[in-house]
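There are 2 protein chains.
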Amino acid sequence: MSTATEHGYTPLTIDTAIQYAKGQSYFTQNEEVYGEEIGDGNLNLVFRLTGQDGQRLIIKQALPYAKVIGDSWPLTLDRARIESEVLTIYGTYVPELVPKVLHTDSVQALTVMEDLSHLQIARKALKKGDHFPVLGEAIGRYTAHTLFFTSDFGMNQQDKKQLQKRFCNPDLCKITEELFFTDPFYDVESNSIDEGLQAYVKEHIWNDQTLLFAVAKAKYQFLTKAEALLHGDLHTGSIFADETQTKVIDPEFAFFGPVGFDIGSFLGNLAIAHISQAGYATADDDRQTAKQSLQQQMMSVWKTFEDEYATLWQNHNVEPHASIPGWSEKHIEAIWKDAVRFAGCELIRRTIGLALVEDFESIADKDRKLAAKTAALRVGKHLLLSTNIHTSEAFVKAVVS
Amino acid sequence: MSTATEHGYTPLTIDTAIQYAKGQSYFTQNEEVYGEEIGDGNLNLVFRLTGQDGQRLIIKQALPYAKVIGDSWPLTLDRARIESEVLTIYGTYVPELVPKVLHTDSVQALTVMEDLSHLQIARKALKKGDHFPVLGEAIGRYTAHTLFFTSDFGMNQQDKKQLQKRFCNPDLCKITEELFFTDPFYDVESNSIDEGLQAYVKEHIWNDQTLLFAVAKAKYQFLTKAEALLHGDLHTGSIFADETQTKVIDPEFAFFGPVGFDIGSFLGNLAIAHISQAGYATADDDRQTAKQSLQQQMMSVWKTFEDEYATLWQNHNVEPHASIPGWSEKHIEAIWKDAVRFAGCELIRRTIGLALVEDFESIADKDRKLAAKTAALRVGKHLLLSTNIHTSEAFVKAVVS
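Protein sequence lines, in the order shown, are assigned to chains A and B.
Numbering of the first sequence is given in my numbering, commencing with residue 668 and proceeding in unit increments.
Numbering of the second sequence is given in my numbering, commencing with residue 668 and proceeding in unit increments.
Worth flagging that the hints you see were computed from the coordinates, not collected in a lab.
There may be inaccurate statements among the hints.
Since copy identity is lost for identical chains, a pair holds within one copy or between any two.
Said to hold, decoys possible - Restricting the straight-line Cα-Cα distance to at most 25 Å, the calculated cross-link-like pairs of lysine to aspartate or glutamate (DMTMM-like) are:
1. 791 to 707
2. 869 to 986
3. 884 to 826
4. 841 to 986
5. 828 to 850
6. 997 to 850
7. 832 to 772
8. 841 to 856
9. 791 to 1032
10. 1033 to 797
11. 869 to 745
12. 1048 to 845
13. 884 to 975
From just these sequences and the hints, can you work out the full model?
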């Protein structure tokens, strides 16, 4: 595991970030540049720099540890390389959906990239009830293209194996293995369980062996099903959006895993946004509109994925068996089943695990918060255990119920 | 892809092999050493050297191409590293079942190892009707230990990912992807189809879309299910044996794939040995005894695997979810299902593909050969399509029928 000791690496400050950008000629030496650190600061430093004519850019630098857990969880700086390489690869498939990479520095573990602050972080905006009419469609297209073209169907199968070597990502995968698939399902210290929720969690999560078994199988898929180069952390906090644009950032968790994981993570977060609406004292009408829009996005992400993936399969498949009748449909069906289960895990871990979400945490009313969280656990369980969720309509029904 | 151009690499002759061994002090400079090249010569040179006091060793050197297909299929010399590293790793788990590695030379792509000529190649001996009463048990133990300890259950999950990088094996995997899972199922030039068998193959293999679909799914498992470090080519020609000993050689196809592949390959080859017995003009009694012994081995390989794997699971599991009731049984059941399907592919590809086997090819009587091959195709299909082969007894029944 690589850590802070890597030769020549120094965490930037606002001043040194500005110097660095000037050194790279993004600004002139005498220019007045305004800088701010805007990262949530868990794993990375993120500097937004603005020149005197208003031109902006982002410098994202990896930290050698995970701050959310304390300095005690060292994290390889190599994830900065992974992130910038994945942004570049994905940029060849869906340039309109990823930020432009301007420069990469492997020693400083940083990437200089396009600033996206004209857009909003989807999680924050969805919470407020904002609608993003093209979000679901965009993520459907994003996942279809990035996952198809890095799979054994969309790229030379020998090249895929070589690519897989470059995205062996044990440190970051370990975080997901523990925080997504393991810790929330046992009574361990890293969990954050609201007062009033303990009894429910104990009875309905930790003591439900059928649920634990479903989670165990989902984790094993994550560990072994090397289908395509995933984003690996595709939640609404990794997405910038407005009414017409969508940009997916932060693929530092990228690795070759099950295609359903990215889709399931995103669906799970839309479900969380939906369930948390009940916690806010907005007008009933607004709340209904927000919920309907979220339901629409949940359906359109899958419908778009399904359509685009099937079209790519038909037009760009390199696998000789691909034209066998039924293979495409069966494969897409398997991706959907995986996605539903991963969404279930996401709902549960974001409700009681270490990495909680502001959708729930910023609900001021304690009872409403508890009710929303209980609903999230119930829906998460249902997604993991039901064998009847065959369509995105059924998924929405499970979330709404 | 690395080829013959690698710096300093020179294929050995008998004379230079002897010089090399003397240079490494395995023999004294003035000693009279007898050498012979004993490889089947498809992918490698294999020299057996015998000193004047009778001490023997093997030098195995990778060739930069696959001879069976001609110089036109270049093959990385890196497979010599893979083979010697896997022999060393496996040697830590089942030292009694692998040859001892004495020396490795990455430039010359060679491994010096223990000679095993006191044993017989299982394929040749089984064909003659020889019995190896411990063979099934040995391969059951071999697969259980090597595959458990290189899986996410038997080793640190981050270390497994790093190990997987070392055994990315695109060149050799490509051979299996094409010759095992693709070419035999289409009318392509590389196949070798006996006169008299064409009509059957066309109707029952190439035109059976249900069969092709089952093969497509099996191939996808091979491409994406990265469960454990496989041998990757575990047929009876890769096994030395006698009445009490078993040694598995040639893991140059090693990579992280589905656990059921090694077991299925071996089972498929026992089934081939069984079916081919009918082709030989041996006495009925001898044939019956040989067949009964093979049936016994088919059952004991699985029963031993199942028992040993379950015990390793219980005593050495690193996965926190492993103690969830039912997980072990369900996982072993999934391995069995995979193994049955892979065995089915092996039967078919060894009957009509490029890499045929002497079990069938040395049957002198044309009609008997055709009958045996037809039976192999029928059994192979059944293994791929049946959903009722839940036990090793049922597997034997399918082979015998």
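Using 25 Å as the alpha carbon limit, work out where residue 884 and residue 826 are close: within a copy, between copies, both or neither.
-> For residue 884 and residue 826, only the inter-copy Cα distance (21 Å) is at most 25 Å; the intra-copy one is 29 Å.
For residue 832 vs residue 772, is the C-alpha pair at or below 25 Å within one copy, between two copies, both, or neither?
-> For residue 832 and residue 772, both the intra-copy (21 Å) and inter-copy (24 Å) Cα distances are at most 25 Å.
When no copy is specified for residue 869 and residue 986, does a C-alpha distance of 25 Å or less occur within a copy, between copies, both, or neither?
-> Between copies only: 21 Å across, 47 Å inside.
Taking 25 Å as the upper bound on the Cα-Cα distance, should residue 841 and residue 856 be classified as within, between, both, or neither?
-> within (17 Å within a copy, 46 Å between copies)
Within, between, both or neither: residue 791, residue 707 at alpha-carbon 25 Å | So residue 791 and residue 707 pass the 25 Å test inside one copy only (13 Å; across, 66 Å).
Alpha-carbon proximity between residue 828 and residue 850, which holds within one copy, between copies, both or neither at 25 Å | between (31 Å within a copy, 21 Å between copies)
Residue 841 and residue 986: within-copy, between-copy, both or neither at 25 Å Cα | Close across copies (12 Å), not inside one copy (31 Å); limit 25 Å.
From the Cα coordinates, with 25 Å as the cut-off, is the pair residue 884 and residue 975 best called within, between, both, or neither?
-> Cα proximity of residue 884 and residue 975: across copies only (22 Å, versus 28 Å in one copy).
Is it within, between, both or neither when you check residue 1033 against residue 797 at 25 Å Cα-Cα?
-> Within one copy only: 24 Å inside, 77 Å across.
Classify it for me, residue 997 with residue 850: is the Cα-Cα distance of at most 25 Å met within a copy, between copies, both or neither?
-> between (32 Å within a copy, 22 Å between copies)
When no copy is named, should residue 1048 and residue 845 be tagged within, between, both, or neither for a Cα gap of at most 25 Å?
-> For residue 1048 and residue 845, only the intra-copy Cα distance (18 Å) is at most 25 Å; the inter-copy one is 42 Å.
With identical chains treated as interchangeable, where does the CA-CA distance between residue 869 and residue 745 reach 25 Å or less: within a copy, between copies, both, or neither?
-> neither (38 Å within a copy, 52 Å between copies)
When each numbered hint is compared with the structure, a violation occurs for hint 11 only.
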